[in-house]
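Residues per chain, in single letters:
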Amino acid sequence: MYSKVAELVEDAERQGLPIHELMIRQEMAYSHESREEIWEKMGRNLDVMHQAVERGAAGEGVHSTTGLTGGDAVKLRKYREHGKTLSGDTMMMAVQNAMACNEVNAAMGVICATPTAGSSGTIPGILFTLTERLGLDRDQQIRFLFTAGAFGLIIANNAGIAGATGGCQAEVGSASAMGAAAAVEAAGGTPSQSAQAMAMAISNLLGLICDPVAGLVELPCVKRNAIGAGNGLIAADMALAGIVSKIPPDEVIGAMDAVGKSLPSKFRETGLGGLADTPTGRRLRASIFPNQKDPSAFRKTGA
Amino acid sequence: MGVSAGISEESGHAGDMPDDGPSSETANYKSVFDIIGPVMIGPSSSHTAGVVAIGRVVHEVFRGTPTKIVVDYYESFASTHQGHGTDFAIIGGILGFATDDRRIKNSIEIAKQRGIDLTFVEQEGKSPVGHPNTAVVNISDGEKSVSVVGVSIGGGVAQIKRIVMDGFDVTPRGPLPMLLLRGSAADNERLGSKLQGVSLIGDVRSFGKEGTDERIYEYDLDAPLPPNTVEELRKANDRLFYLR
Numbered sequence: 021m022y023s024k025v026a027e028l029v030e031d032a033e034r035q036g037l038p039i040h041e042l043m044i045r046q047e048m049a050y051s052h053e054s055r056e057e058i059w060e061k062m063g064r065n066l067d068v069m070h071q072a073v074e075r076g077a078a079g080e081g082v083h084s085t086t087g088l089t090g091g092d093a094v095k096l097r098k099y100r101e102h103g104k105t106l107s108g109d110t111m112m113m114a115v116q117n118a119m120a121c122n123e124v125n126a127a128m129g130v131i132c133a134t135p136t137a138g139s140s141g142t143i144p145g146i147l148f149t150l151t152e153r154l155g156l157d158r159d160q161q162i163r164f165l166f167t168a169g170a171f172g173l174i175i176a177n178n179a180g181i182a183g184a185t186g187g188c189q190a191e192v193g194s195a196s197a198m199g200a201a202a203a204v205e206a207a208g209g210t211p212s213q214s215a216q217a218m219a220m221a222i223s224n225l226l227g228l229i230c231d232p233v234a235g236l237v238e239l240p241c242v243k244r245n246a247i248g249a250g251n252g253l254i255a256a257d258m259a260l261a262g263i264v265s266k267i268p269p270d271e272v273i274g275a276m277d278a279v280g281k282s283l284p285s286k287f288r289e290t291g292l293g294g295l296a297d298t299p300t301g302r303r304l305r306a307s308i309f310p311n312q313k314d315p316s317a318f319r320k321t322g323a
Numbered sequence: 026m027g028v029s030a031g032i033s034e035e036s037g038h039a040g041d042m043p044d045d046g047p048s049s050e051t052a053n054y055k056s057v058f059d060i061i062g063p064v065m066i067g068p069s070s071s072h073t074a075g076v077v078a079i080g081r082v083v084h085e086v087f088r089g090t091p092t093k094i095v096v097d098y099y100e101s102f103a104s105t106h107q108g109h110g111t112d113f114a115i116i117g118g119i120l121g122f123a124t125d126d127r128r129i130k131n132s133i134e135i136a137k138q139r140g141i142d143l144t145f146v147e148q149e150g151k152s153p154v155g156h157p158n159t160a161v162v163n164i165s166d167g168e169k170s171v172s173v174v175g176v177s178i179g180g181g182v183a184q185i186k187r188i189v190m191d192g193f194d195v196t197p198r199g200p201l202p203m204l205l206l207r208g209s210a211a212d213n214e215r216l217g218s219k220l221q222g223v224s225l226i227g228d229v230r231s232f233g234k235e236g237t238d239e240r241i242y243e244y245d246l247d248a249p250l251p252p253n254t255v256e257e258l259r260k261a262n263d264r265l266f267y268l269r
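From first to last, the protein sequence lines stand for chains A and B. Here the working numbering is used: the first residue of the first sequence is 21, the next is one more, and so on. Here the working numbering is used: the first residue of the second sequence is 26, the next is one more, and so on.
Keep in mind that the hints were calculated from the coordinates and are not lab data. A hint or two may mislead.
What the hints assert, rightly or not - Keeping only pairs whose Cα atoms sit at most 16 Å apart, straight-line, the calculated EDC-like set for lysine to aspartate or glutamate is:
#, chain 1, residue 1, chain 2, residue 2
1, B, K169, B, E85
2, A, K98, A, E80
3, A, K286, B, E149
4, A, K61, B, D125
5, A, K24, A, D277
6, A, K24, A, D270
Stated by the list, open to error - Here are some of the chain B residues that sit facing chain A, going by a computed Cβ distance under 7 Å:
#, residue
7, N53
8, T105
9, P157
Stated by the list, open to error - Okay, the calculated bits of chain B under chain A, using three or more residues with CB under 8 Å as the criterion:
#, segment
10, 56-65
11, 107-114
12, 172-181
13, 243-254
Please read all numbers here as calculations on a predicted model, not as lab measurements. For glycine and all other residues, C-beta sits at the position ideal for the given N, C-alpha and C.
Using the sequences provided together with the hints, build the complete structure.
Structure, rendered in structure tokens:
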């Protein structure tokens with residue numbers, strides 16, 4: 021099992037194999053399942069992601085029960101139809117896909133956690149945009165997910181992927197980095213360039229706090245996935261241009277771990293800091309949970 | 026590491042253990058589907074899928090219909106379980122439902138229909154095991170009671186930090202999957218021989234209690250066991266618990 025990015029890249033380059041292939045082989049050794057079984061399982065995850073992205077942007081979109089989120093992916097779809105976006109249609113398609121998926125998540129719809137539910141829009145945001153941009157077929161989309169997973173496993177085991185332990189950098193930051201690395205491979209880049217994209221994507225989101233309003237995975241989570249997808253594409257393009265992270269990828273992961281451990285708990289998914297602790301954030305919490313006036317006042321409830 | 030490795034007589038806490046070696050052996054996340062997956066109902070993998078996993082461990086070690094379940098939440102769980110579906114997730118797991126089982130959403134009602142008394146407590150203090158997503162489940166049926174301390178570490182993956190059952194106080198290393206066997210040294214040897222060829226993480230550890238030679242043996246598995254293997258092992262010994 022690969023515990024460091026450097027080992028993964030070295031093996032891929034020495035054996036002349038793409039990273040998705042190394043990941044598939046590692047998974048076969050771990051699960052004792054056949055290549056076909058693993059491939060099909062990933063295909064089913066791909067289908068769930070695709071359905072969520074479609075559902076969130078179709079018709080009037082989806083809306084969460086609290087009313088905090090929903091309908092923004094539809095706004096982007098309509099905005100794009102006018103064709104005058106500032107950052108170009110590829111970027112806005114990624115943002116739409118990411119937000120659509122996370123609006124479905126906030127509305128308690130079915131999603132595939134990549135790596136978490138709160139960050140589940142970032143990778144579909146990147147993947148389905150590249151699907152159109154590069155004309156990826158189904159097999160290439162599945163390979164993308166294995167490559168993303170290979171980098172995600174290393175990040176998760178060396179730093180973590182929970183907002184409660186590492187902040188949003190660990191969720192959307194990790195997803196953005198995984199997507200960036202896989203995007204490089206899908207575009208024909210080298211394993212080393214994938215690793216550089218991963219490092220730059222994490223570096224650009226380092227320190228991002230997890231501050232959900234009312235403790236719910238809605239504000240600012242849905243929009244954070246927009247920046248996760250955009251940042252992933254930017255980092256991938258930078259790496260494909262030959263730009264490298266001066267700090268080696270594994271050290272960047274180490275920095276994310278250290279930053280996460282130094283974050284006060286109010287910035288780690290408690291809903292007590294950042295945007296959650298603004299006057300409006302507190303008011304929203306009080307209106308959604310009227311029995312929980314003061315977030316620091318814990319109480320006992322029967323079900 | 027093979028099963029034939031030595032058995033350490035362990036009664037302290039997992040945190041007191043020496044370093045288990047290189048990170049690949051202690052990895053929390055082992056499968057690509059821990060990262061790309063699970064497919065689940067939103068909105069939070071830590072608060073739902075990971076909690077279902079903790080509940081399913083309770084289901085496996087309790088084995089029976091409870092009359093009373095008390096869940097203590099700590100830190101992030103205490104302040105954010107509301108609205109995340111954490112309550113129905115943990116009860117769904119305790120009832121034995123899988124992460125993608127549609128009954129999960131109705132698990133509170135199902136439990137009440139079965140006459141189970143449910144209480145959720147938002148604890149003010151720090152987690153007893155030092156993790157912000159900590160749930161402590163106390164479950165009983167009037168005769169026996171079991172307590173399980175689980176943490177949800179992100180992406181729907183859980184660890185089990187402590188199990189108190191029938192006077193045994195088990196503090197496993199944490200990562201799943203694992204096998205727990207309650208029995209004599211001879212029972213443990215029989216299990217060990219059946220598990221030849223199964224890859225383990227670290228030594229087999231065991232936990233005793235005063236006044237009996239019986240112990241609870243902890244086997245930390247490198248990978249899930251095939252379903253038919255689990256079935257065979259359970260047939261051979263009904264005091265074997267497979268936590269995954």
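Quick rundown of the hints versus the structure:
{"no.": "1", "hint": "K169/B <-> E85/B", "verdict": "holds, 14 Å"}
{"no.": "2", "hint": "K98/A <-> E80/A", "verdict": "holds, 11 Å"}
{"no.": "3", "hint": "K286/A <-> E149/B", "verdict": "holds, 14 Å"}
{"no.": "4", "hint": "K61/A <-> D125/B", "verdict": "holds, 14 Å"}
{"no.": "5", "hint": "K24/A <-> D277/A", "verdict": "holds, 14 Å"}
{"no.": "6", "hint": "K24/A <-> D270/A", "verdict": "holds, 6 Å"}
{"no.": "7", "hint": "N53", "verdict": "holds, 6 Å"}
{"no.": "8", "hint": "T105", "verdict": "holds, 3 Å"}
{"no.": "9", "hint": "P157", "verdict": "holds, 4 Å"}
{"no.": "10", "hint": "56-65", "verdict": "holds (count 10)"}
{"no.": "11", "hint": "107-114", "verdict": "holds (count 5)"}
{"no.": "12", "hint": "172-181", "verdict": "holds (count 5)"}
{"no.": "13", "hint": "243-254", "verdict": "holds (count 4)"}
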